[in-house]
Amino acid sequence: MKTMFEQVRANKNQSYLLMAFFIVVVGVLGAILGLVWGNVYVGLFISMFISLFYTVFSYYGGDKMILLMTGSKPVAKEQYPYLYNTVEGLALAAGVPSPQAYVIDDSALNAFATGRDPKHASITVTSGLLKVMDRQELEGVVAHEMSHIKNYDIRFMMLTTVLVGLVTLLSDFILRSMWYSRGSRDRGRGGGQAQAILLLVGLLFAVLAPVIGQLMRLAISRQREYLADANAVVLTRYPPGLAGALEKIKNDPDPLVDNANKATAHLFISSPFRKTKSFLSSFFSTHPPVEERIKRIMEL
Amino acid sequence: MIDLFCIGLVVLLVAVGVPILFVVIVYNGLIRLRNEVDNSFAQIDVQLKRRNDLIPNLVETVKGYAAHEKTLFENIAKARSAVMSATGVQDKARASNMLSDTLKSLFAVVENYPQLKANENFMQLQEELSGTENKIAYSRQHYNDVVMEFNTRIQLFPNNLIAGPLGFKNKELFTAPEAEREAPKVKF
Chain A
0 MKTMFEQVRA
10 NKNQSYLLMA
20 FFIVVVGVLG
30 AILGLVWGNV
40 YVGLFISMFI
50 SLFYTVFSYY
60 GGDKMILLMT
70 GSKPVAKEQY
80 PYLYNTVEGL
90 ALAAGVPSPQ
100 AYVIDDSALN
110 AFATGRDPKH
120 ASITVTSGLL
130 KVMDRQELEG
140 VVAHEMSHIK
150 NYDIRFMMLT
160 TVLVGLVTLL
170 SDFILRSMWY
180 SRGSRDRGRG
190 GGQAQAILLL
200 VGLLFAVLAP
210 VIGQLMRLAI
220 SRQREYLADA
230 NAVVLTRYPP
240 GLAGALEKIK
250 NDPDPLVDNA
260 NKATAHLFIS
270 SPFRKTKSFL
280 SSFFSTHPPV
290 EERIKRIMEL
Chain B
0 MIDLFCIGLV
10 VLLVAVGVPI
20 LFVVIVYNGL
30 IRLRNEVDNS
40 FAQIDVQLKR
50 RNDLIPNLVE
60 TVKGYAAHEK
70 TLFENIAKAR
80 SAVMSATGVQ
90 DKARASNMLS
100 DTLKSLFAVV
110 ENYPQLKANE
120 NFMQLQEELS
130 GTENKIAYSR
140 QHYNDVVMEF
150 NTRIQLFPNN
160 LIAGPLGFKN
170 KELFTAPEAE
180 REAPKVKF
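In order, the protein sequences belong to chains A and B. Note that numbering that gives the first Met the number 0 gives residue 99 to position 100 of the first sequence, counting from 1, and the numbers run on in steps of one. Note that numbering that gives the first Met the number 0 gives residue 155 to position 156 of the second sequence, counting from 1, and the numbers run on in steps of one.
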C-alpha cells in the first residue's frame, strides 16, 4: 500500500501530465486545422493560446465550473448546522482546513468533493442524503470525500472532468452536428471546404474517443475509491458508518442525479446514473460495485 | 599529484558534507512535525474553548425548566472551570473527560423534561454541543496520530543520535482512560 505522501505525489504528477497531454492534443488539432486552412503556424499558435488559457482556467476555476454544472449551492452554517459540524469535525480529524459545504437539491443519495488542493476544496452532498443518513453514516460519507481531498484525488479528478470531459462533450456535439448536417450538404457554395474540415475534426475525435474513455476510467480507477473508503475508516474509526451509508445508497430507488452527466459522473461517491445492465454502462462504469466496497470496509 | 589532491578534496567534502546534510534534513523534518503537533494541540484547545463558551447558555436554558437540579449545575461549573485552568496535556485530557461526563449526565436528566427537549433553543444548543464534542474527539485523534509519528521519528535510528542533543523530546498523548470513541458517541 502506498503511503499518503506517495499518493499525493502520484496525483500531482498525473495532474501535470494530464494538463501537458491536453495542451499537446489541442495543439496538434490546431496544427491540423491550420494545415487545412493553409497555415500550420497560425493554427498552432491559436490553439496553443486557447489551450494554455483554458488549462490555467481549469486549474484555478475548474471546481467552480463543476459546482455550477452540478447545480451545487453553497450553504451557510445556520442552514445546515448538522452538515457543517460533520464537515468541520472530519477536517480536524484529517488535519486539513475545513472545506466549504455545498448542497444539491436532489432526492438521490450522492456526494462528491472537488477543488485543486486541501486549501481550496469543497464537499457537496445531495439534500436526499442529508435527509436519509444518520450521523455516523453522514460522517462516513464525508470522511470518504475528505480522504479524496487529503490525498489530492480531487485535483486530478477535477482536471479530468474539465479537460477530458470537455473533449467528450465536444466530440458528442460535433458528431451529432455532422449527423444532422449530412442532408444539407450541397446547400452553400463555400460549404464544401467547411464540411471537409468538420468531417476531419469529427474523425479525429472519433479516433480519440476510446482513448478518452480509457483516460476517464484511469482517472477514477477503482483503486482510488477503495483507498478513499479505507482512509475514511481510518478517520472515523467506525466501519459500520460508511458501510451503512453505502448500503442505503445501494438500495436507493432513484439514484439519478438530475444534473450529472458523463463528464462529472466519476466525481460522485457512487454512480449517479440509473442502474442498467447494458454493455455500454458497464463499459463506462467508473465505480466499483457497492457490494464489494461494503465487504472490504467491513473486513478492515 | 593534482589528481590525488582532487580526490582528497572530494573525500573531505563528502566526509563533512554528508553528515551536515543528514543533520539538516532530519532537523527540518522534525521541526515541521513538531509544529504540526503544536498546531493540532491548538486545534483541540479551540474546540475545548468553544464547548466552554456554549455551556453557560445551555445551563441557563436547562435552568428554565429544571431549576432544582442544583448539584448537577455545580458539577458542570466545576468541571468547566477545571478545563479552563488545566495546563498540561494530560491535565487537559482528564478535565475534558470529566466535563464530557457531567454533560452526559445533564443530557440524561433532560430526558425527564419533555418540554425542555422540545425547546427550539435547547435543540440548537444540543446540536452545537454534540458537534463540538465530536470535534474534540476528532482533533484529539489527529493530535495523537501526529504525536505518535513524531515520537517514533525521534526514537528511530539514526535520528535518535541527534534528536536529543537538538532538544527534541517525546510529546505526551492526549489520552483518556475510557474508550476513545465512546464518550462523544452518546445519543443525547
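Hints listed in this document are in silico derivations from the structure and should not be mistaken for laboratory results. There may be inaccurate statements among the hints.
[Unchecked claim] So, partial list: chain A residues that the calculated Cβ filter (under 8 Å) puts toward chain B:
id, residue
1, Pro80
2, Tyr81
3, Asn84
4, Glu87
5, Gly88
6, Leu89
7, Leu91
8, Ala92
[To be verified] Think about it this way: if two alpha-carbon atoms lie no more than 27 Å apart in a straight line, the pair counts; the simulated DSSO-like pairs of lysine-lysine are:
id, chain 1, residue 1, chain 2, residue 2
9, A, Lys11, A, Lys76
10, B, Lys116, B, Lys48
11, B, Lys62, B, Lys48
12, B, Lys77, A, Lys76
13, B, Lys48, B, Lys77
14, A, Lys72, A, Lys249
15, B, Lys77, A, Lys130
16, B, Lys48, A, Lys76
17, A, Lys76, A, Lys247
18, B, Lys103, A, Lys118
19, B, Lys77, B, Lys103
20, A, Lys118, A, Lys76
21, B, Lys103, B, Lys62
22, B, Lys103, A, Lys76
23, A, Lys130, A, Lys11
[To be verified] Beta-carbon label-pair distances, calculated as ranges:
id, chain 1, residue 1, chain 2, residue 2, range
24, A, Tyr225, B, Asn38, 27 to 33 Å
25, B, Asp100, A, Tyr15, 49 to 55 Å
26, B, Lys69, A, Lys294, 48 to 54 Å
Quick caveat: nothing in here was measured; it's all calculated off a predicted structure. Beta carbons: idealized from backbone N, C-alpha and C, even for Gly.
Under the constraints set out in the numbered hints, which ones does this structure not fulfil? Hints 9, 12, 15, 18, 23 not satisfied by this model.
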